[in-house]
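Q: Sequential numbering from 1 applies to the sequence shown in full-length UniProt numbering.
By construction, these hints were calculated from the structure, which means they are not laboratory data. Hints are not guaranteed to be accurate.
What the hints assert, rightly or not - Distance condition first, Cα-Cα at most 25 Å in a straight line; then the derived DMTMM-like pairs of lysine to aspartate or glutamate:
id	residue 1	residue 2
1	K97	D75
2	K117	D27
3	K99	D43
4	K132	D64
What the hints assert, rightly or not - Cβ-Cβ distance ranges computed for the label pairs, FRET-style:
id	residue 1	residue 2	range
5	H94	N65	28 to 38 Å
6	T80	S41	33 to 43 Å
7	D64	V114	14 to 24 Å
8	V114	H94	27 to 37 Å
9	N65	S110	31 to 41 Å
10	S29	L81	30 to 40 Å
11	N125	A32	17 to 27 Å
12	S77	G34	13 to 23 Å
In this text, all values refer to a predicted model and were calculated from it rather than measured experimentally. A virtual CB, placed ideally from N, CA and C, is assigned to each residue, including glycine.
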Amino acid sequence: MKKLMLIAWSLLLSGCMVDNSPYRAADISLSANGQPCVTVSKDSLTSDGKSKLLVLRVSERAPDNNMKQVWERDDMSNPTLTVIPDRCLPVDYHFEKGKEYSVTAITAFSASEVGTKRIWSAGFNLENLAPKR
Numbered sequence: 001m002k003k004l005m006l007i008a009w010s011l012l013l014s015g016c017m018v019d020n021s022p023y024r025a026a027d028i029s030l031s032a033n034g035q036p037c038v039t040v041s042k043d044s045l046t047s048d049g050k051s052k053l054l055v056l057r058v059s060e061r062a063p064d065n066n067m068k069q070v071w072e073r074d075d076m077s078n079p080t081l082t083v084i085p086d087r088c089l090p091v092d093y094h095f096e097k098g099k100e101y102s103v104t105a106i107t108a109f110s111a112s113e114v115g116t117k118r119i120w121s122a123g124f125n126l127e128n129l130a131p132k133r
């Protein structure tokens, strides 16, 4: 009985922590121009048009097998771009076939409203992306 209660409490407590986590999976598809389209999904904090893009980063797998940042848009001090669910975020980087990438986007109502922050990330390579619908 003790083991059953321990398992039940573990599941209950771990489930509560996931709901409050700021981490989310970004969606990435292949645009008509052959470049990735990075989007965030509809979320309680992105659905009303108040979320702004604070930071957008692209990292690439380096020869030493570590991820190396290759591009960044940092609007933390003055976020102006409103994040719209399922609309491509502006990534001004030319991705190449045969390379592994990760993208991270940080959104919030403002840089000072930490409770509204969401960290969206995903890893991919161009060969494995499905075309954008």
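Q: Now, for every hint given, state plainly whether the structure supports it.
A: A quick look at each hint next to the structure:
1. A C-alpha spacing of about 28 Å is found between K97 and D75, which places the hinted pair above 25 Å, so the restraint is violated.
2. Note on K117 and D27: the hinted pairing holds, with a Cα-Cα distance of about 17 Å set against a maximum of 25 Å.
3. For the hint pairing K99 with D43, the CA-to-CA distance comes to about 30 Å; that exceeds 25 Å, so the pair is violated.
4. Proximity of K132 to D64 is assessed by CA-CA distance (about 32 Å); at most 25 Å being required, the pair is judged violated.
5. Distance hint check for H94 and N65: the Cβ-Cβ separation is about 22 Å, which falls outside the suggested range of 28 to 38 Å.
6. For the hinted restraint 33 to 43 Å between T80 and S41, the CB-CB distance of approximately 22 Å leaves it violated.
7. For the pair D64 and V114, the beta carbons lie near 34 Å from each other, so the given range of 14 to 24 Å is not met.
8. Take V114 and H94: their Cβ atoms lie about 33 Å apart, and the range 27 to 37 Å holds.
9. Taking 31 to 41 Å as the suggested C-beta distance range, the pair N65 and S110 conforms, at roughly 37 Å.
10. In this structure, S29 and L81 break the distance hint of 30 to 40 Å, their C-beta atoms being roughly 20 Å apart.
11. Evaluation of the 17 to 27 Å hint for N125 and A32 yields a pass: the beta carbon distance comes to about 19 Å.
12. Taking the beta carbon of each, S77 and G34 are about 33 Å apart, not inside 13 to 23 Å as hinted.
Checked against the numbered hints above, the structure breaks hints 1, 3, 4, 5, 6, 7, 10 and 12 and satisfies the rest.
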